[in-house]
Amino acid sequence: MQELTMPRELDYQSPEYKDAYSRINAIVIEGEHEAYQNYITLGDMLPDVQAELVRLAKMESRHAKGFQSCGKNLNVTPDMEYAKKFFAKLHGNFQQAAAEGKIVTCFVIQSLIIEAFAIAAYHLYIPVADPFARKITENVVKDEYTHLNFGEEWLKGNFASAKAELEEANRENLPIVWQMLNEVAEDAAILAMEKDALVEDFMISYGEALGNIGFNTREIMRLSSQGLKVA
Numbered sequence: 001m002q003e004l005t006m007p008r009e010l011d012y013q014s015p016e017y018k019d020a021y022s023r024i025n026a027i028v029i030e031g032e033h034e035a036y037q038n039y040i041t042l043g044d045m046l047p048d049v050q051a052e053l054v055r056l057a058k059m060e061s062r063h064a065k066g067f068q069s070c071g072k073n074l075n076v077t078p079d080m081e082y083a084k085k086f087f088a089k090l091h092g093n094f095q096q097a098a099a100e101g102k103i104v105t106c107f108v109i110q111s112l113i114i115e116a117f118a119i120a121a122y123h124l125y126i127p128v129a130d131p132f133a134r135k136i137t138e139n140v141v142k143d144e145y146t147h148l149n150f151g152e153e154w155l156k157g158n159f160a161s162a163k164a165e166l167e168e169a170n171r172e173n174l175p176i177v178w179q180m181l182n183e184v185a186e187d188a189a190i191l192a193m194e195k196d197a198l199v200e201d202f203m204i205s206y207g208e209a210l211g212n213i214g215f216n217t218r219e220i221m222r223l224s225s226q227g228l229k230v231a
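Its first residue numbered 1, the sequence shown is counted upward by one per residue in my numbering.
It is worth saying that the hints were derived from the structure and are not from the lab. Remember, predicted model here, so these are calculated numbers, not experimental data. Please note that the accuracy of each hint is not assured.
Result set (DSS-like, lysine-lysine): computed pairs, CA atoms no more than 27 Å apart in a straight line [stated by the list, open to error]:
1) 156 x 102
2) 89 x 195
3) 65 x 18
4) 195 x 85
5) 195 x 135
6) 142 x 58
7) 65 x 84
8) 58 x 89
Whole structure, please, built from the sequences with the hints as guidance.
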């Protein structure tokens, strides 16, 4: 039986930690910025629920400010240029889908993929975060479940008509997430967030969302592993 090991003592002020944190912090800030813009766009596409989507967007904007304060607390400047490149593929796919009026695809990218990615990352980060960032992140993750649930409920309510596009959106965008997980793995490990745990947590959150929408177990397994590359 493998012995459980306690997380190593982290030096939040070490050059190695701060260097990795400059990219991780930028990723979460940019992720919240992306979410803000995406929910505003979705609100324009869905006037009947625009007020709620604008409310979600404003929450994401507050999250971004919270994570900016986390970087300032450690005297770290986030590498926002890196973060924009990190999200570039998902950003481009969302913009293209919005231009084509593909509401289902937009919800898949923002309310399923990005939110599940964020929830997985925040869950792993909270136990190893510095005290200031831990408090911020604990409050943020509660909101993220609200955002994930909104997308779930909309897709669930439109499941019959949305299923084919949802599967296509999953096929096109989920492989990008595996690339993102691989790219962030080294920096995340320096922050004591192991890749295997990050992948597992993401798959749990994403799979649960697919199940709530209406997919059966076999379909969830097929969709969740689409393009899986975590070597």
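Now for the hints, and whether the structure bears them out:
Restraint check for residue 156 and residue 102: satisfied, since their Cα atoms lie roughly 16 Å apart, inside the 27 Å limit. Restraint check: the Cα-Cα separation between residue 89 and residue 195 comes to about 21 Å, which is no more than 27 Å; the hinted pair holds. Proximity of residue 65 to residue 18 is assessed by CA-CA distance (about 19 Å); at most 27 Å being required, the pair is judged to hold. As the CA atoms of residue 195 and residue 85 are separated by approximately 20 Å, the hinted pair is consistent with the 27 Å bound.
With a C-alpha separation of about 23 Å, the suggested pair residue 195 and residue 135 falls inside the 27 Å cut-off, and the hint holds. With a C-alpha separation of about 15 Å, the suggested pair residue 142 and residue 58 falls inside the 27 Å cut-off, and the hint holds. Using a Cα cut-off of 27 Å, the hinted pair residue 65 and residue 84 holds, with the two alpha carbons roughly 17 Å apart. Among the hinted pairs, residue 58 with residue 89 is consistent with the structure: their alpha-carbon atoms are about 24 Å apart, no more than 27 Å.
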